[in-house]
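Listed here are the chains, written in short residue letters.
Protein chains: 2
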Amino acid sequence: MTDERSEGQGGDDGKAANGARREFLKSAITAGAVATSMGALGVPDRALAQPGVIPGTKNHYYVPATDKTVHWGYFSKSLKPAVEVSSGDFVTIEVLTHHANDDAERMVKGDAGAESVFYWDKQRKGVDRRGAGPMQPTLFGRGAGEGLGVHICTGPVHVKEAQPGDVLEVRIVDVRPRACANPAYQGKSFGSNAAAWWGFHYKELLTEPKQREVITIYELDCMGERNWAQAVYNFRWTPQTDPYGVVHKTIDYPGVPVDHKTVQENHGVLKNVRIPIRPHFGVLGLAPAEADLVDSIPPNYVGGNIDNWRIGKGATMYYPVAVPGALLSAGDSHASQGDSELCGTAIECSLTGTFQVIVRKKDTLAGSALAGLNYPLLETQDEWVLHGFSYANYLAELGAKAQSEIYEKSSVDLAMKDAFRKMRHFLMSTKGLSEDEAISLMSVAVDFGITQVVDGNWGVHAVIKKSLFNGG
Amino acid sequence: MTDERSEGQGGDDGKAANGARREFLKSAITAGAVATSMGALGVPDRALAQPGVIPGTKNHYYVPATDKTVHWGYFSKSLKPAVEVSSGDFVTIEVLTHHANDDAERMVKGDAGAESVFYWDKQRKGVDRRGAGPMQPTLFGRGAGEGLGVHICTGPVHVKEAQPGDVLEVRIVDVRPRACANPAYQGKSFGSNAAAWWGFHYKELLTEPKQREVITIYELDCMGERNWAQAVYNFRWTPQTDPYGVVHKTIDYPGVPVDHKTVQENHGVLKNVRIPIRPHFGVLGLAPAEADLVDSIPPNYVGGNIDNWRIGKGATMYYPVAVPGALLSAGDSHASQGDSELCGTAIECSLTGTFQVIVRKKDTLAGSALAGLNYPLLETQDEWVLHGFSYANYLAELGAKAQSEIYEKSSVDLAMKDAFRKMRHFLMSTKGLSEDEAISLMSVAVDFGITQVVDGNWGVHAVIKKSLFNGG
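Those protein sequences? They're chains F and H, same order as listed. Under my numbering, think of the first position of the first sequence as 91, with each following residue one higher. Under my numbering, think of the first position of the second sequence as 91, with each following residue one higher.
If you're looking for bench data, these hints aren't it; they were derived computationally from the structure. Each hint should be verified, as a subset may be incorrect.
Copies of the same chain look alike in the list, so a pair counts if it works inside one copy or between any two.
Quick list of in silico lysine-lysine cross-link-like pairs, DSS-like style, CA-CA up to 27 Å [said to hold, decoys possible]:
no.: 1; residue 1: 507; residue 2: 148
no.: 2; residue 1: 339; residue 2: 451
no.: 3; residue 1: 170; residue 2: 158
no.: 4; residue 1: 361; residue 2: 300
no.: 5; residue 1: 507; residue 2: 167
no.: 6; residue 1: 361; residue 2: 556
no.: 7; residue 1: 170; residue 2: 452
no.: 8; residue 1: 403; residue 2: 555
no.: 9; residue 1: 300; residue 2: 521
no.: 10; residue 1: 199; residue 2: 300
no.: 11; residue 1: 278; residue 2: 250
no.: 12; residue 1: 499; residue 2: 293
no.: 13; residue 1: 556; residue 2: 278
no.: 14; residue 1: 555; residue 2: 361
no.: 15; residue 1: 300; residue 2: 507
Construct the entire structure; sequences and hints are all you get.
Have a look at this one:
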């Protein structure tokens with residue numbers, strides 16, 4: 091495919107008739123002044139309006155989230171990069187939650203970048219394609235892309251040295267909540283949790299009405315002074331008519347604006363319950379090689395929608411590079427999530443991350459933890475975390491219909507088996523253990539947890555402490 | 091059934107022709123002097139030889155592990171209690187690992203209690219029945235009980251006030267490794283990890299010979315000065331001929347003495363790898379009501395072989411009482427285990443635990459975390475941990491052939507569903523949440539992990555932090 095982001099999506103000649111957006115475009119002009127107020131690795135106090143190097147720095151790039159810099163609901167090796175960087179460079183990436191329109195007052199209004207992305211009137215959408223489906227929604231009639239993939243991904247970042255067979259190391263240097271731009275909610279950030287039809291619970295509900303979808307809006311402190319989030323209110327999804335006139339009886343297409351006149355807000359829910367925050371990126375990964383337009387929902391060997399809350403500040407991810415330039419994108423930012431992401435989503439909350447990207451060339455990997463890496467690997471200060479999936483590379487394993495069949499075939503049991511195989515390989519290749527040693531060690535010292543059961547390709551992660559190997 | 095422990099098992103008139111055993115019996119006489127050297131909740135420096143109240147205390151009982159106090163491989167509501175206690179009393183229970191004969195030099199020799207249990211010559215076994223199978227091994231020819239159940243369980247402890255419908259609270263006050271009694275290994279404790287045919291890895295081996303079983307012997311410091319274990323050596327299982335002449339090609343019957351002249355010990359394995367210890371009881375639970383002779387391997391609603399490493403010192407377990415007196419037993423002690431217990435076992439290591447047992451009467455539970463409890467619930471200082479299984483009560487759900495069919499039907503997916511249902515019930519009943527609140531909270535703040543995939547009835551645990559509810 092070609093870069094569809096330019097097709098039918100609001101350009102400068104669009105009808106984005108709001109003052110905030112004009113302010114946003116103007117801010118590009120003064121970006122140079124902005125950069126002086128940030129630390130070398132931090133997030134600018136005010137965003138750059140266009141991707142590029144941060145003025146005053148040589149190797150720190152910035153990618154704002156705008157209708158020009160996001161690809162919504164899919165990965166593609168054919169996307170034009172939002173920015174090109176070199177190995178070792180830093181890049182700060184704004185990520186918008188695709189659930190922001192569940193409460194536009196709190197998550198879109200006054201935020202020029204979000205408004206450009208979520209813009210939708212009778213004539214046009216800020217970003218038309220949402221998902222990897224057809225642009226003419228002949229399958230389900232939901233909208234362009236058919237919502238076959240839902241995450242607003244910012245990028246991709248092209249890393250010049252990266253070639254297939256290399257490993258891209260992505261150090262997560264900083265993660266910050268995106269402040270609410272609506273003056274009514276100054277100092278706060280907000281997120282949405284959707285207990286949706288794709289959740290593990292959905293066909294198991296006890297109370298009426300069965301098979302309901304419920305949105306819970308959470309708030310957190312955008313300054314990081316509080317380490318917890320709390321619920322604000324919830325509401326049951328009602329059929330929502332989008333600006334094009336399509337009725338969405340369920341949450342079947344991302345970014346549909348919820349008309350709050352049609353829903354019943356229940357305030358005071360989860361009263362006095364404090365959710366520890368775990369800010370992280372549900373989606374972080376590279377473009378795969380196997381297909382050209384890939385649904386953003388199922389995670390795969392180049393990462394993507396892993397939905398592991400450990401992929402936050404201080405962690406490092408390693409991905410096998412599948413296409414030239416690696417093409418790193420970030421999306422699906424979360425304020426918090428539990429292992430399993432049971433109801434289908436986390437606290438979906440816009441975040442901005444700063445990353446350092448380092449290319450590990452193929453011929454330098456022998457004997458390291460990265461030798462033969464064919465899955466997304468997480469390193470924290472104390473642990474290695476390996477990601478197993480029901481299908482390690484579903485695009486290759488399931489053939490031409492992989493992108494639909496993956497939703498029918500997943501199980502935790504399969505993901506457990508994949509995580510076992512990967513951990514065995516890691517211990518044998520990286521630590522030089524025999525198979526017998528590796529298997530015994532896995533049974534007595536490796537913890538297997540359920541990453542998620544809602545993303546088509548289900549996940550089990552295996553955690554091993556680095557300190558095991560410090561005795562020598 | 092009647093108490094089969096008296097049938098054909100070595101009594102005082104047995105042929106236990108070793109000096110250590112005679113010493114052991116003599117020690118009962120001087121037990122009064124022993125007790126003075128222990129703290130109120132601690133473990134006596136030397137064990138009592140027979141169950142009973144510890145001299146000098148009023149409410150602290152002691153149950154040594156001997157051929158008279160263990161039931162091997164099964165739970166039964168018909169067992170004669172090893173000791174009767176009252177609600178609020180303390181009981182110290184010795185637990186022997188059923189893998190001690192993998193290296194009798196290190197885990198049996200010189201240990202009078204272990205020698206009485208593992209005693210086996212051409213004429214008799216210290217404990218004949220091992221498992222819930224027939225005493226005449228007409229099914230597989232393995233031995234009495236057929237090894238349909240493997241854990242050496244000490245008990246049961248009858249708690250006078252406990253009646254069906256009540257909850258038994260079991261506080262784990264102390265857990266200590268059992269010191270090696272062989273002077274050659276003074277100051278150490280040992281454990282065995284068997285990568286066995288029932289392991290998750292078994293049909294997936296990469297290297298030859300396929301479908302091998304491997305024993306790894308670990309050592310740890312019995313004084314608790316080191317918080318880690320390390321491997322000593324491993325060996326591949328070879329056909330072992332038991333003293334009755336039965337050849338065990340695989341690890342198919344517990345307590346078969348391994349003849350080390352027939353195996354190749356590989357020393358120096360897992361060199362410099364330190365396994366953090368997590369001393370705990372793989373088996374801790376009550377007699378179920380549904381059947382009279384129940385295989386000790388599949389965990390169920392009254393606990394048993396849950397194999398969660400969090401069931402250690404400082405933790406509290408709550409069990410629904412199914413039969414009068416509750417009948418608490420402990421077994422399958424582990425020095426450490428990872429979530430999943432992948433290869434079939436942990437570091438199987440004899441431990442001694444001190445427990446306080448408290449009966450929570452049925453009519454006092456309303457509105458508490460224990461209301462309607464129908465599964466084993468774990469409380470730690472910071473967390474509640476709920477245990478899901480592939481089948482919540484497989485004895486009731488799977489009918490007459492439940493004890494064999496459970497081994498064919500388990501999956502992590504089913505256990506995940508059960509854990510979800512239990513956590514929803516817990517949040518709704520204990521915390522007063524609506525179903526919508528409970529489901530959102532589970533997705534954003536509850537972690538689901540894989541307890542074990544090797545015990546017939548597979549397990550998923552759900553962990554929720556107590557601090558979530560401290561905000562009010």
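Consistency of the hints with the structure:
Taking CA atoms no more than 27 Å apart as the test, residue 507 paired with residue 148 passes in neither setting, with 45 Å inside one copy and 52 Å between copies. Proximity of residue 339 to residue 451 under the C-alpha cut-off of 27 Å is found in neither arrangement, the shortest distances being 49 Å within a copy and 48 Å between copies. Taking the shortest Cα distances, residue 170 and residue 158 sit within 27 Å of each other inside one copy (11 Å), while across copies they are farther apart (76 Å). Taking the shortest alpha-carbon separations for residue 361 and residue 300, only the intra-copy value of 24 Å comes in at or below 27 Å, while the best inter-copy value is 56 Å.
Proximity of residue 507 to residue 167 under the C-alpha cut-off of 27 Å is found in neither arrangement, the shortest distances being 29 Å within a copy and 37 Å between copies. Within a single copy, residue 361 and residue 556 get their C-alpha atoms only as close as 39 Å, which misses the 27 Å cut-off; across copies the closest is 15 Å, which meets it. Taking the closest pair of Cα atoms, residue 170 and residue 452 come within 27 Å of each other only inside a single copy of the chain (25 Å); across copies the shortest separation is 66 Å, beyond that limit. In this assembly of identical chains, residue 403 and residue 555 lie within 27 Å of each other by CA distance both inside one copy and across copies; the values are 18 Å within and 22 Å between.
For a Cα distance limit of 27 Å, the shortest separation of residue 300 from residue 521 across copies, 22 Å, qualifies, whereas the shortest one inside one copy, 51 Å, does not. For a Cα distance limit of 27 Å, the shortest separation of residue 199 from residue 300 qualifies neither inside one copy, at 33 Å, nor across copies, at 62 Å. Within a single copy, residue 278 and residue 250 get their C-alpha atoms no closer than 37 Å, and across copies no closer than 56 Å, so neither meets the 27 Å cut-off. In this assembly of identical chains, residue 499 and residue 293 lie within 27 Å of each other by CA distance both inside one copy and across copies; the values are 17 Å within and 22 Å between.
Taking CA atoms no more than 27 Å apart as the test, residue 556 paired with residue 278 passes between copies only; the shortest distance there is 25 Å, against 37 Å inside one copy. For the homomeric pair residue 555 and residue 361, the shortest alpha-carbon distance between copies (16 Å) is at most 27 Å, but the shortest distance inside one copy (36 Å) is not. Within a single copy, residue 300 and residue 507 get their C-alpha atoms only as close as 34 Å, which misses the 27 Å cut-off; across copies the closest is 17 Å, which meets it.
Comparing the model with each earlier hint shows violations of hints 1, 2, 5, 10 and 11; every other hint is respected.
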